[in-house]
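Q: Chains as they are written, first to last, in numbering that gives the first Met the number 0: chain A, 0 to 208; chain B, 0 to 411.
Since the hints were made in silico from the structure, they are not lab data.
Misleading hints may appear alongside valid ones.
As the list claims (entries may be wrong) - Restricting the straight-line Cα-Cα distance to at most 20 Å, the calculated cross-link-like pairs of lysine-lysine (PhoX-like) are: (1) A:Lys65 with A:Lys2; (2) A:Lys149 with A:Lys112; (3) A:Lys41 with A:Lys65; (4) B:Lys348 with B:Lys322; (5) B:Lys161 with B:Lys241; (6) A:Lys79 with A:Lys135; (7) B:Lys242 with A:Lys48; (8) B:Lys348 with A:Lys79; (9) A:Lys135 with B:Lys217; (10) B:Lys348 with B:Lys409; (11) B:Lys241 with A:Lys79; (12) A:Lys135 with A:Lys112.
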Amino acid sequence: MFKRIVPTLLSGAFVCPVAYREEHTYLVDAANLAAVDDYLGKIGYRVTKTRHGGAFFATHVELGGKEERRDARELFTHIKHTLRPLVHFIEMVMRAMQSDEFLFAGAVIEANKLMAAIDSNPSFRNDLQSLATQLKGISADGSDRGRLDKVMRRLRDDGYLVLSNPDREIYQVTSKIEFILEVIEYLMEHQGAAVEEDEAATPEQGGLL
Amino acid sequence: MSENTEAIISYLEALHANRHLVAAAYINGGVTMEEDNQRRIRQLQQHRALVPYVHDEFRLNSSLGRHLDEVFQRQRNYVIGANFGEQINRLQRLADEFLKASHEDRLDDRDNYATDFDVGVFELREGIASTLLMLRTLTDNQFANVSTIAEKQRQNEFYIAKVEQLGSALAMLQTDLLLEQLAASTLLDPLMSIYRHQVLDRLPEWRATILDITTVLKAYLYRLRQVEPDARRVRSFALFLKKNPGYEPPDSDSLTNAPVWVSKFAGLQLRSHPDLGSGPIRDGLAEIAQGVPPATVSIVRERQSGRLLDDTDAKRVVTLPVKPVQVAYRRYIDAVHAQAEPLSALEWKRQQLPYADLDDRAWLLYVMHSLRVGAARASGTRGIGFSWNERPPAHVRSGNIVVDDVLAWKRT
Chain A
0 MFKRIVPTLL SGAFVCPVAY REEHTYLVDA ANLAAVDDYL GKIGYRVTKT RHGGAFFATH
60 VELGGKEERR DARELFTHIK HTLRPLVHFI EMVMRAMQSD EFLFAGAVIE ANKLMAAIDS
120 NPSFRNDLQS LATQLKGISA DGSDRGRLDK VMRRLRDDGY LVLSNPDREI YQVTSKIEFI
180 LEVIEYLMEH QGAAVEEDEA ATPEQGGLL
Chain B
0 MSENTEAIIS YLEALHANRH LVAAAYINGG VTMEEDNQRR IRQLQQHRAL VPYVHDEFRL
60 NSSLGRHLDE VFQRQRNYVI GANFGEQINR LQRLADEFLK ASHEDRLDDR DNYATDFDVG
120 VFELREGIAS TLLMLRTLTD NQFANVSTIA EKQRQNEFYI AKVEQLGSAL AMLQTDLLLE
180 QLAASTLLDP LMSIYRHQVL DRLPEWRATI LDITTVLKAY LYRLRQVEPD ARRVRSFALF
240 LKKNPGYEPP DSDSLTNAPV WVSKFAGLQL RSHPDLGSGP IRDGLAEIAQ GVPPATVSIV
300 RERQSGRLLD DTDAKRVVTL PVKPVQVAYR RYIDAVHAQA EPLSALEWKR QQLPYADLDD
360 RAWLLYVMHS LRVGAARASG TRGIGFSWNE RPPAHVRSGN IVVDDVLAWK RT
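Produce the entire structure from the sequences given, and follow the hints as far as they go.
A: Structure, rendered in structure tokens:
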């Protein structure tokens, strides 16, 4: 298992119970984690956990060198490209399915159920269309179902979802979601990217004419 | 018919098919696995109607046993529910009664109490094991039977309390009065042996399981409690992004108080190559190579690109060279037309010096063939008759026709 985990971590993957069940179970054991951490430490990396502990990933031991700065720039470029559509997708799924559990690693998203919810509400259809335009390489043309499939496939390719049942098109949220939650929290706290919570919690209501 | 109903019917049919075995297990307190009942016992074990006891002995599932107790109004001493504390109290009373019966030499009563104590300890063991199994399943699938976060949270809190209660019950098993009571008299040694074998020896494993389940449940509860603030934050951020369509996250270089995740390693793709200097690796590669199907060799012939024909090219008509035998034949026919008498092909050829190189046999064969073809087509040799001189064959049955000469003449 050790032999399998080290290359996985070095590939930049998030080792979580949804995407890498066996590897995650191995790393949960403190002794195994220490062994992998020692090994990576010799080449300048270490194993880090997301704050909620759902995923392990490799980080540089020190930040400041040329390679580290290049990786940080690459990470922020990725965040710039994916953050907006990802946040809109999560928010849309939470509204459409009327549940907050999609922020939870392992949560199940059934594409058919989600499509039915989107179909029943023009607002969700608009959201899906604008989501498709935000993700590079996805055409805004075509059917809503085609757009949804492309969006979910993209999120799967980016490691936020796993297709756990291809026949029934059931996806599962991976623990990489915890990473993005940390990013959001940081941006809101340190970069002024926030609105008043009351305003966010209360949806705008139209007045009677 | 729903799947659940079918499952129940299937279970009841399994019980019915093995009714003698179930009855024997209930009346005798257990059944021993032998060659002739092995398959039936396994089937009942799959349905959890029988559970393994010691060695090859199996006992009726305690809940099924209780059900049969109720049906047949069989009275157990100090019957209690599934509360482990009460079950332990019951065992204390049974041990007490066992001791009194032993002192008073009431052997039948003593045996009855011993049997009940045995069954009681078994039920306690089964109760704890099945509760732990259920808790482990719930923990592993993260309360998948309920869908909302609130339900999961309520169930999680309930089961944490249940696990703590179970932990207290296990602590009691090792330290409570029952153990002291059983150790106090040698008369209680048989009961002590049962208790040790069924319960005490399993305590460390149960405690470890409880600790594991508690840790997971508490971590999960913590995570569940985090979902609500996380969701609020995501909604707030989504609203911010909608109100600020031009917003972009900052560059990494401009960050202050950079969090740990900024130092995430981008990753690299590792590739390895076999060490061909190593014998075992080479052998392994040879084995792999043998299993690889031969590659299909396809020869790709490059087609020359075509070119436009030059209309001014004078050589568009290709003139095929005429063979000497053809010229000779044409002249021979002209000579036949020029005279009235039959003309020998062989004789004519011998008179023509330019065709002296032509082989006689080949010449005769060509002339015969051309005259026959010409006669069939009635074209170039119209008005010419022909015949040939046949030599008698060397053998009457040889089938060969030996031709000496061909004669052709102009028909009148």
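Q: Honestly, which of those hints from before does the structure not fit?
A: Numbers 1, 5, 7, 8, 9, 12 - these are the hints that the structure violates, sorted from lowest upward.
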